[in-house]
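As you go down the protein sequences, you meet chains Y and U in turn. For the first sequence, position 179 matches number 179 in our numbering, and the numbering has no gaps at all. Remember, our numbering sits 262 above the position in the second sequence when you count from 1.
Treat the hints as calculated values from the structure; they're not laboratory data. Watch out, some of these pointers could steer you wrong.
Unchecked claim - Taking lysine-lysine and the DSS-like style, the derived pairs with C-alpha atoms no more than 27 angstroms apart in a straight line are:
id : chain 1 : residue 1 : chain 2 : residue 2
1  : U       : K352      : Y       : K129
2  : Y       : K127      : U       : K324
3  : U       : K479      : U       : K324
4  : Y       : K127      : U       : K352
5  : Y       : K107      : Y       : K237
6  : Y       : K145      : U       : K378
7  : Y       : K145      : Y       : K113
8  : U       : K447      : U       : K435
9  : U       : K397      : U       : K324
10 : U       : K324      : Y       : K129
11 : U       : K455      : U       : K479
12 : Y       : K200      : U       : K491
13 : Y       : K199      : U       : K491
14 : Y       : K179      : U       : K491
15 : U       : K324      : U       : K491
16 : Y       : K129      : Y       : K87
17 : U       : K455      : U       : K397
18 : Y       : K179      : U       : K324
19 : U       : K324      : U       : K411
Fair warning: this is a prediction, and the values are worked out from it, not measured in the lab.
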Amino acid sequence: MYANPNSIINPSLWPNGPAPGCFFNFPGANVTSTSSSSGIITRTQSPVTTGTSILGLVFDGGVMLAGDMLGSYGSMAKFRSIERTIKVNNSTVLGATGDIADFQHLKAIIEQKVIDEDCADDGFTLKPKALHTWLTRVLYNRRSKFDPLWNTFLVAGIEDGEPYLGCVDKIGTAFSDSKIATGYGAHIALPLMREGLEKKPQMTQEEARALLINCLRVLFYRDCRALNKHQIATITKEGVTIENNIELDTNWEVANFVIGYE
Amino acid sequence: MFGQAILNDNLPGAKQHHWSPYTDNGGTIVAVAGDDFAIIASDTRLIQGYSILSREQTKLFKLSEQTVLGVSGCWCDVLTFTRTLEARMKMYLHEHLKPMSTPAVAQLVSTMLYHKRFFPYYVSNIVAGLDQDGKGTLYSYDPVGHCEKNRYRAGGAAGAMLQPLLDNQVGLKNMKGGVLPDITKEKALMVIKDSFISAAERDTSTGDGVIINIITKSGVEVMHFPLRKD
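Excised from the complex, chain U in its bound form (with noise of 0.2 angstroms):
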């Protein structure tokens, strides 16, 4: 009967309300390990849908003097997940009179992560630092806490779309030639640059701005560079 007909929500033109714990804001991380600096950026655009919520959101979060967090994804998850990590850097000072090391973090991050493996944080974590020698080091994860060691990484968004740049780039894949240089900090800052205005290109969450933290044992060094804003 048509009682029934109306209350079907199959029919055409029927909405029914679907709700996710999760959404995808966009941005894309990159970073470049060195011999003794470690170089970190995120764009500054924060996206729902087709919508820009804020075009000046840095992706970085800075953990102490020697590291430095970029994540991007779910930024709900990204906000709870620094949120913790940072209340976690905090417990390690005071108990132990000294900010964690880069390869601590790096554990931790995974932990973390993993900890949350059937309930995932929805985000693509890059921790960059020096390590207790003071050489560059970077870290890489998955949202449910595998962690590799990298000299360069592309993540978030854009990330499948700048990786196979700085392989080429950074890590002169697939070039005949003798032993692998360090990269210079001149040459990554370059690389970086150039793929974050390729990114924005192509990529549509990418966008408005870039934040670059360049961590040196004299600290983090903060840059900034405008992006397309369309």
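Just chain Y, with the same shape it has in the complex (with noise of 0.2 angstroms):
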């Protein structure tokens, strides 16, 4: 009955099939490699859980942050209620772009940052600026050993009365700005922005937040990696106030104009 004798011992799962798992291409499975052999190790990541755009727009008073709440696993939409958002103390906020695991582990270290300057208890507390050029040294030491956090991050908070937007990529390419956006969002959410405060400069906190609202329904149509459920963070003088599980209006009429697709 069989050929083999050892394949009653030893069966395989299927027998000239395929492997378990190969259908599934998990990204940088090739890319990844630690030999122990050689003495060499090679730590260059690549994301595997993560999150698209993040948007900054600074308003009159204050500036906002917005993006959505998805965990790709690659191009599966996985975790549907990632806070990819959140809030550092009263005068910060943190939004992160990439991967997942990286944004969680820095999460952690911040926020022992924070608890250490409360314990201090000295009046002094983590702010924008500072957690904007603490970040750029954190990203730019792990891309020197060649190990770098997958993500890029917006900082935005209030510095001494003003309102403060930063960006830190995963090399540490750090710079300031009015309005900012992160991945997908720099290519379709920043020209409408800039066009937003080209025609008016100093904006309301009412017209920030409909010009961001616009951009994120924009990117939920244009962008395969977006989910129509949304942060908001709001930091004016008042403090910090992040609005969480947004989902926003949407109109799909034009779907049925396109055709060859049925």
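With the hints in hand, could you dock these two chains into one complex?
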């Protein structure tokens, strides 16, 4: 009955079939290699669970961050309520694009920093510019070790009464501007934000919010890694508010006019 | 078997994330030294790929009342390099109770760059300022610390495009005539402005605006003028 008695002792799952798991194309499966025999360690990684764009916009008297709540696993919309925008303290928020695990790792470190500042009880708190610079150093040092944290961060807050918005990427490229968008948003949302600010350089909080919501909607329409569940963080002198689970009304009427995919 | 074919990432359409510790953030620096002044200018555009990250990012770093450093290239290296340099400027100030002179800064920049010879700062540096005698002076560098003293220099993304223009207009090269007169501040400013306007026409990574620092014995004067934003 069995030609080879060894196949009974050590049966393969599906002879002549595909190997288990071979249909999944894990990002970076062939990139990451830790070779201990040669003594050379390649740490260059690529992201696993990722978050898409974060938008940041300065308005008259404050600054806003906006982004969705999706953690994508490759093209799979796997985690649908990830907090990618977090409150750091009463003057600062942090938004992250890229690898969620790397973000959550840094988030834990930052939360501990904030606790340490509280314990010192000297009246000093972590300010947005300080956090921005700190992140720049952390990310640059990791890239210099060829072991990058795969994120782009937006830091938003109020410092000395002035709104502040900064950006750092995975190799430590850092800058500050009144309008920043990461990831796909840099291509799709940033031109809309620049247009809005050119028409009205000093926006009110309501106008900024309306502009960001419009950008989020366009991103949801066009970015395949976006989700219609958003977070909007607002930082003013009064403090930080983060609205979660914002769902936008959408209109897919035009989809009926797209032909050839029926 | 087809199981193995799927795992092969050399298939058309298969992507491999490539990571590099360096990126090109564009930007151009132009500097001209006169008898009793030095002018250094940078554009204010910061790019990555075909995207504009910011339209208002100066690439000039005031190190003292007599010295300004212009840096372009890989922006994360620019930040790291200038912050380390600024820290060293402060250490020198507190140790010697006087700010570092421009020639001393010039040597320090070279040493700091060569210190990372085998994992270099990917930057193009120009140091502009006045020397101890109050004369306009200027030093330019390659990423690993080669240093040259100049009267005029263009660096960064459009550096190779602008240097011949400066050779002609400031250096008065390949022209018949007598002794080379020192360039006036007005003429230098004019050439610098024209350089950036021309660079913005041909180089996509240069544009948005220019920040000019004029270094004289009374300090550093800052000027700004707009460039095309497309």
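Hints, one by one, checked against the model:
1. K352/U with K129/Y: Since the Cα atoms of K352/U and K129/Y sit roughly 21 angstroms apart, the hinted pair holds (cutoff 27 angstroms).
2. K127/Y with K324/U: OK: K127/Y and K324/U at ~24 angstroms, within 27 angstroms.
3. K479/U with K324/U: 14 angstroms, holds
4. K127/Y with K352/U: Roughly 23 angstroms separates the two Cα atoms, so the pair holds.
5. K107/Y with K237/Y: 23 angstroms, holds
6. K145/Y with K378/U: 14 angstroms, holds
7. K145/Y with K113/Y: 23 angstroms, holds
8. K447/U with K435/U: Distance of about 19 angstroms is within 27 angstroms: holds.
9. K397/U with K324/U: Measuring from Cα to Cα gives roughly 18 angstroms; hence the hint holds.
10. K324/U with K129/Y: 20 angstroms, holds
11. K455/U with K479/U: Holds - the C-alpha atoms of K479/U and K455/U are around 23 angstroms apart, at most 27 angstroms.
12. K200/Y with K491/U: Holds. K200/Y to K491/U sits at ~18 angstroms (cutoff 27 angstroms).
13. K199/Y with K491/U: 16 angstroms, holds
14. K179/Y with K491/U: Answer holds: K179/Y to K491/U is near 16 angstroms, not above 27 angstroms.
15. K324/U with K491/U: 26 angstroms, holds
16. K129/Y with K87/Y: 15 angstroms, holds
17. K455/U with K397/U: Roughly 23 angstroms separates the two Cα atoms, so the pair holds.
18. K179/Y with K324/U: With a Cα-Cα distance of about 26 angstroms, the restraint between K179/Y and K324/U holds, given a limit of 27 angstroms.
19. K324/U with K411/U: The given pair, whose Cα atoms are some 19 angstroms apart, holds under the 27 angstroms limit.
In this structure, none of the earlier numbered hints is contradicted; all agree with it.
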